[in-house]
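Chemist: The residues making up each chain are set out below.
Protein chains: 2
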Amino acid sequence: MTERLNTIIKTLNSEQLDGFLLFDANNITYLSGFTGHAATALVLGQHAYLLTDYRYFEQAKAECSVFEVICRDRIKQSLAELIAELLLKHGIRRLAFEADHISHSAWLGMQTHWPETDAVPFSRLVEDLRYTKDDGEIASIQQAAKIADDALHEMLKSVKAGVTERELAAELEYQMAQRGSQGPSFDTIMLMAERSALPHGVPGDRQLQHGDLLLIDFGAVVNGYHSDMTRTFVFGQADEKQRTVYQTVLGAQQAAMDALSEEVEGLKLHQASQHILNQSPYAKYQGEGLGHGLGMDVHELPFIGMGKNLMVKRNCVITIEPGIYIPGWGGVRVEDDVVLTDNGLVQLTQFPREMIEL
Amino acid sequence: MTERLNTIIKTLNSEQLDGFLLFDANNITYLSGFTGHAATALVLGQHAYLLTDYRYFEQAKAECSVFEVICRDRIKQSLAELIAELLLKHGIRRLAFEADHISHSAWLGMQTHWPETDAVPFSRLVEDLRYTKDDGEIASIQQAAKIADDALHEMLKSVKAGVTERELAAELEYQMAQRGSQGPSFDTIMLMAERSALPHGVPGDRQLQHGDLLLIDFGAVVNGYHSDMTRTFVFGQADEKQRTVYQTVLGAQQAAMDALSEEVEGLKLHQASQHILNQSPYAKYQGEGLGHGLGMDVHELPFIGMGKNLMVKRNCVITIEPGIYIPGWGGVRVEDDVVLTDNGLVQLTQFPREMIEL
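Note that the protein sequences, when read in sequence, are chains E and U. According to the numbering used here, the first sequence is numbered sequentially starting from 573. According to the numbering used here, the second sequence is numbered sequentially starting from 573.
Take the hints with a grain of salt, since some may be wrong.
Copies of the same chain are indistinguishable here, so a pair counts whether it falls within one copy or spans any two.
[Claimed, not checked] In the BS3-like style, the derived pairs of lysine-lysine whose C-alpha atoms are separated by at most 27 Å in a straight line are:
#1 Lys661 x Lys582
#2 Lys856 x Lys732
#3 Lys880 x Lys648
#4 Lys648 x Lys840
#5 Lys885 x Lys718
#6 Lys633 x Lys856
#7 Lys840 x Lys661
Honestly, the hints are just simulated from the structure, not real lab data.
Work the whole structure out from these sequences, hints included.
Modeler: What follows is the structure, encoded as structure tokens:
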């Protein structure tokens, strides 16, 4: 934590900023250690404050080592008044603030309280630190991925004709929770047959039938870090079209993985994957993006594909998730979490990637 | 939907506004019927647009009856460019926008695209409609409450010495999902013994022991509508302090319910509850607020207590949740969802409120 904070302070100094106001809960956790969800952080010169209220005061004091925790009485003092008081005390002239993480109206109401301070919208100050992961962060994502792998193996025992999307999703989330996941990484996607073509469908009452595709996109959370994996199964024997589409998607995923043997522009990975998809008769049904960074947020830097071209650096944890979605027929997506390390590419999700007929 | 939209259009007219730009997913669902989570809505004169992309286009067309759905190619056109095009086409001069639901930085980036249009931050345009519920909305919350009641009954069968907070939380969420809940209303709070004094604790590995308090705060979701209930149990025979604190909290809750026999200021309910709590030897450990509105958001208007004083009108669905939290000893909260109807107060959560020794 101290090291992370010092990096931020150095950046502020180099930008002639003497303060930084944070609103994003994950950025605040990343810098301070506080894991609750109602706090504001203020880095003023060498001094860092965590502002919270009675609900989180004890927890914050226990979790924060470097930040001084202030307990605000929400009836007696507004957040803006408390911030103004601290800015004045430290004589802050130029303050960076997380303009991505406060609503326009909240900011309008707040900034009038510190007329002496020049507030500068600043993006990606903490996000740029979170862009690559340290060993502890990678270990947490790996643990989450392991829980997801194991839970999926267990859930598959409940797969039978007539079971609904909703029932299977509930079972999968239960198995993850029993294994120590803090919650689903996001709303589990569990879609059968032609519904698997919906990129963001919600599990419903559709019952599993022989020959159905079954697309499952889900993840676990450990220490606040997310995993994210997709597998597509066939219930019964796959027909030729299912087999062809699956092999194409798997090949596209492998091509992107192969292209990630060193630090590379995300666009290069996307192109490697598209090169395979474009040769397929189903090329026009390919999905837009290729993947995204993964960590405290389930979608974070770097984003890959869709007109974005960020570097995939060593120790970036990313998803690689090409897909083909044919309206009225169904969709196939295969998604894994990978990280480029000093020893090459490591796949954090370990569930078999080959097509499985259930 | 048409009626809701017409009410909004009337309000716009009366405020000399000729357009309204919406960002909040629940407000958009409320007006348009679209239940996905990546859309922007634009009401221009008598014409309403829903702007989304290929991921949600089919779903949006199926769900929206009154709104015209536009599928934006995210690579070719930014959201701001599309909005600017529509504002120009309809000759919009004065545009209200949901300043509470867009980040400051996103707004700064966006507004430069329509120099001809005067944008007016506007709060609570849709929120004021959502303040009171119609019969369908109340029925959905009631269904969610019923699922939560039933799931809690089932979960209690798993209560035994040595079971952990995390295991019980997983079981409870599983039972809700099996009964058709779309997901937990929020992260389930399941806290034992002295940990029950943490107003926002996270379930952990604490194992249940004889004599423990067990505080459970949770809810289900049906049709996008949330329930929210808290029960506090004693594992084994309650001691005198547990009994006293419980009866005080229950009395405070009953006093607030009794005060809600007609439309009333929220402060009146809070005072009725405080009047009981203040007579207790544990008065200084009472929680801050009394409750909140409940609907598409788990916390919404009207908020009750903590310096807030909004009217609790007929057909407002609210929680009533007084509590006593003694650090190092534990906490007791009893929370129910209620609504004042033409036939008096209706309690939507039905699980017994009296102290239960497990």
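Chemist: With reference to the structure, classify each hint as holding or not holding.
Modeler: Hint by hint, here is what the structure shows:
no.: 1; hint: Lys661 x Lys582; result: within (21 Å within a copy, 49 Å between copies)
no.: 2; hint: Lys856 x Lys732; result: neither (33 Å within a copy, 56 Å between copies)
no.: 3; hint: Lys880 x Lys648; result: between (46 Å within a copy, 12 Å between copies)
no.: 4; hint: Lys648 x Lys840; result: between (55 Å within a copy, 20 Å between copies)
no.: 5; hint: Lys885 x Lys718; result: within (23 Å within a copy, 50 Å between copies)
no.: 6; hint: Lys633 x Lys856; result: between (55 Å within a copy, 21 Å between copies)
no.: 7; hint: Lys840 x Lys661; result: neither (50 Å within a copy, 39 Å between copies)
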